[in-house]
Amino acid sequence: MGLLRPLFGQRKAPFGGLAALARAETALREKLRLVSDRKGGLSYKPLQTAFFDGLQGEVDRRLRAGRFTVWTRFSLEKDSYGFGWVLLDDRSLENVVEAVQTLGSYFAEGNHTKQLLAAVFPFQGRERQAYWIYSFKRDRFYPFVPLPDEKRDSPEELRLAEAMEKELPLESALERWYPLWGMPLETRS
Amino acid sequence: MRERATGRDWELTVRMFLVMFLLALVYFFFVTVLWAFGVPWIFLAIIAAIMLGLQYFLSDKLVLRSMGAKVVSPQEAPELHAMVDRLCARAGLPKPKLAIANMDIPNAFATGRNPKNSVVCVTTGIMRRLEPQELEAVLGHELTHIKNRDVTIITMASFFAMLAAMLMNSLMWMGLLGGFGRGRREGNGMAGLMVVYLVTVLVWIVSNLLILALSRYREYAADWGGSFITGMPSRLASALTKISGAIARIPTEDLRKVEGANAFFIVPALKGNSIMELLSSHPPVQKRVERLRRLAKQIEGI
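Residue numbers (my numbering), protein chains in the order written: chain A, 1 to 189; chain B, 1 to 302.
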């Protein structure tokens, strides 16, 4: 079967690492006092094609087709870098993660995996907002704790990553922990 | 070097002179061997001196260009200038030019042949990662390099190592062309060539190791002297810890910018006295931090 896989396409669901975040919700709260905002953002690099022109309608259709559609609210935004964002808002982190997975699969179907930048999940920390950033390309997470003036609290990020070593598929190359400054994401704080 | 009552570590100074003495011994041995084999070494020495002179007089511009650094005016970087103004006043130094290199790697270095023609350069990466007091401590370290004329000293020390390398090169060519037989001892050409060649290699390796040792001592000296300018060795210690190891590897440049540019970022070779270098021209950060902590106990009473 393995040999035929290239012919029939990948059987395994893409972005399998994503679901780990939903499973880690309790650990995040108990070990690190990080509480999910139950929001998410999926960032992509748009192209001038029909796929991206019809994104609004298709996202709506896909999210409705899922199990949790009633609750998933979404909006499309553009940021100053020219990247597009699908902003998600739901009653549970699990639903948000599932919505991101659904949208990721939709991009993959359209052969637009390359255009997927990252998914971002905001959390309320004890002192400040923290984010887990998911890289579609690497199928891994890394933490991001921004400070004012485009600085970041790297010691805190290292602490978060260390504590979640078992629960999350982490990006081990620290050089790839790229920040996302000024996301259009609204948080609950 | 101007002597100062404070900020001078005598043990380090003695060790530095010892290293320089050993360097001289090695060079002397080298020159003797060359003399014995009748190589026109004066000719090579002149070429090496010209190249070294160029490097010496152009070093600041070369380094800044290789880093893509831009000299900034007080209007462009008021806080940085104010910081350096304060430190120079305290250290009794003429104010160097200030430059900023737009790169995410946290680094700082000083270059220039004398205090009047010096440039201190910091990267945007180091400014983003350090607190103002830590940045001040790093600048104090760099200003001490200028005060101690470390660029000149290391350039001078490199002189003979470079000469050895050039000779090694030209001997290889001579060997290939078979033109070495015109030495003093006819028929002994090939064996003689091998001996000179091996000795040259040895000299080159040993002298570079000694230069690295010299450079490491100068780093300790700059940590020490810089601490006396700022009075905050513990800040330099925390700055060093921050810009080495894990935290330095975490980028501060936006993912969208990196994705958009799609650029291959090549880390340029650094010259001059950078605060952090990959090679062992700098002592291990841990050791530097230990020394700074000890110093902090003495002068900060922590």
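Please note that the accuracy of each hint is not assured.
[Claimed, not checked] In silico EDC-like pairs for lysine to aspartate or glutamate, Cα to Cα no more than 16 Å straight-line:
{"hint": "1", "chain 1": "A", "residue 1": "K39", "chain 2": "A", "residue 2": "E186"}
{"hint": "2", "chain 1": "A", "residue 1": "K151", "chain 2": "B", "residue 2": "D85"}
{"hint": "3", "chain 1": "B", "residue 1": "K257", "chain 2": "A", "residue 2": "E156"}
{"hint": "4", "chain 1": "B", "residue 1": "K242", "chain 2": "B", "residue 2": "E131"}
{"hint": "5", "chain 1": "A", "residue 1": "K31", "chain 2": "A", "residue 2": "E165"}
{"hint": "6", "chain 1": "B", "residue 1": "K61", "chain 2": "B", "residue 2": "E79"}
{"hint": "7", "chain 1": "B", "residue 1": "K242", "chain 2": "A", "residue 2": "E175"}
{"hint": "8", "chain 1": "B", "residue 1": "K257", "chain 2": "A", "residue 2": "D79"}
{"hint": "9", "chain 1": "B", "residue 1": "K95", "chain 2": "B", "residue 2": "D85"}
{"hint": "10", "chain 1": "A", "residue 1": "K78", "chain 2": "A", "residue 2": "E150"}
{"hint": "11", "chain 1": "B", "residue 1": "K257", "chain 2": "A", "residue 2": "E175"}
{"hint": "12", "chain 1": "A", "residue 1": "K166", "chain 2": "A", "residue 2": "E25"}
{"hint": "13", "chain 1": "A", "residue 1": "K151", "chain 2": "B", "residue 2": "E259"}
{"hint": "14", "chain 1": "A", "residue 1": "K78", "chain 2": "A", "residue 2": "E94"}
{"hint": "15", "chain 1": "A", "residue 1": "K45", "chain 2": "B", "residue 2": "D104"}
{"hint": "16", "chain 1": "A", "residue 1": "K114", "chain 2": "A", "residue 2": "E150"}
{"hint": "17", "chain 1": "A", "residue 1": "K31", "chain 2": "A", "residue 2": "E156"}
{"hint": "18", "chain 1": "B", "residue 1": "K242", "chain 2": "A", "residue 2": "E94"}
{"hint": "19", "chain 1": "A", "residue 1": "K137", "chain 2": "A", "residue 2": "E171"}
{"hint": "20", "chain 1": "A", "residue 1": "K39", "chain 2": "A", "residue 2": "E94"}
{"hint": "21", "chain 1": "A", "residue 1": "K45", "chain 2": "A", "residue 2": "E77"}
{"hint": "22", "chain 1": "A", "residue 1": "K114", "chain 2": "B", "residue 2": "E259"}
{"hint": "23", "chain 1": "B", "residue 1": "K97", "chain 2": "B", "residue 2": "D85"}
{"hint": "24", "chain 1": "A", "residue 1": "K151", "chain 2": "B", "residue 2": "D104"}
{"hint": "25", "chain 1": "A", "residue 1": "K31", "chain 2": "A", "residue 2": "E162"}
{"hint": "26", "chain 1": "A", "residue 1": "K31", "chain 2": "A", "residue 2": "E175"}
{"hint": "27", "chain 1": "A", "residue 1": "K151", "chain 2": "B", "residue 2": "E76"}
{"hint": "28", "chain 1": "B", "residue 1": "K70", "chain 2": "B", "residue 2": "D104"}
{"hint": "29", "chain 1": "B", "residue 1": "K116", "chain 2": "B", "residue 2": "D85"}
{"hint": "30", "chain 1": "A", "residue 1": "K137", "chain 2": "B", "residue 2": "D85"}
{"hint": "31", "chain 1": "B", "residue 1": "K97", "chain 2": "B", "residue 2": "E131"}
{"hint": "32", "chain 1": "A", "residue 1": "K45", "chain 2": "A", "residue 2": "E94"}
{"hint": "33", "chain 1": "A", "residue 1": "K137", "chain 2": "A", "residue 2": "E175"}
{"hint": "34", "chain 1": "A", "residue 1": "K45", "chain 2": "B", "residue 2": "D85"}
{"hint": "35", "chain 1": "B", "residue 1": "K242", "chain 2": "A", "residue 2": "E156"}
Keep in mind that the hints were calculated from the coordinates and are not lab data.
Quick rundown of the hints versus the structure:
1. A:K39 x A:E186: 8 Å, holds
2. A:K151 x B:D85: 25 Å, violated
3. B:K257 x A:E156: 24 Å, violated
4. B:K242 x B:E131: Within the cut-off at roughly 10 Å; holds.
5. A:K31 x A:E165: Measuring from Cα to Cα gives roughly 12 Å; hence the hint holds.
6. B:K61 x B:E79: 24 Å, violated
7. B:K242 x A:E175: Holds, at roughly 15 Å.
8. B:K257 x A:D79: 12 Å, holds
9. B:K95 x B:D85: 7 Å, holds
10. A:K78 x A:E150: 20 Å, violated
11. B:K257 x A:E175: 15 Å, holds
12. A:K166 x A:E25: 13 Å, holds
13. A:K151 x B:E259: Between K151 (chain A) and E259 (chain B) the Cα gap is close to 20 Å, so the pair fails against 16 Å, i.e. violated.
14. A:K78 x A:E94: 25 Å, violated
15. A:K45 x B:D104: Roughly 23 Å separates the two Cα atoms, so the pair is violated.
16. A:K114 x A:E150: 27 Å, violated
17. A:K31 x A:E156: 14 Å, holds
18. B:K242 x A:E94: Roughly 36 Å separates the two Cα atoms, so the pair is violated.
19. A:K137 x A:E171: 11 Å, holds
20. A:K39 x A:E94: Roughly 10 Å separates the two Cα atoms, so the pair holds.
21. A:K45 x A:E77: 12 Å, holds
22. A:K114 x B:E259: 11 Å, holds
23. B:K97 x B:D85: With Cα atoms ~11 Å apart, K97 (chain B) and D85 (chain B) stay inside 16 Å; holds.
24. A:K151 x B:D104: The given pair, whose Cα atoms are some 12 Å apart, holds under the 16 Å limit.
25. A:K31 x A:E162: 11 Å, holds
26. A:K31 x A:E175: 25 Å, violated
27. A:K151 x B:E76: 20 Å, violated
28. B:K70 x B:D104: Holds, at roughly 15 Å.
29. B:K116 x B:D85: Within the cut-off at roughly 14 Å; holds.
30. A:K137 x B:D85: 47 Å, violated
31. B:K97 x B:E131: Distance of about 22 Å is beyond 16 Å: violated.
32. A:K45 x A:E94: With a Cα-Cα distance of about 25 Å, the restraint between K45 (chain A) and E94 (chain A) is violated, given a limit of 16 Å.
33. A:K137 x A:E175: 15 Å, holds
34. A:K45 x B:D85: 45 Å, violated
35. B:K242 x A:E156: 13 Å, holds
In summary, the numbered hints that this structure violates are 2, 3, 6, 10, 13, 14, 15, 16, 18, 26, 27, 30, 31, 32 and 34.
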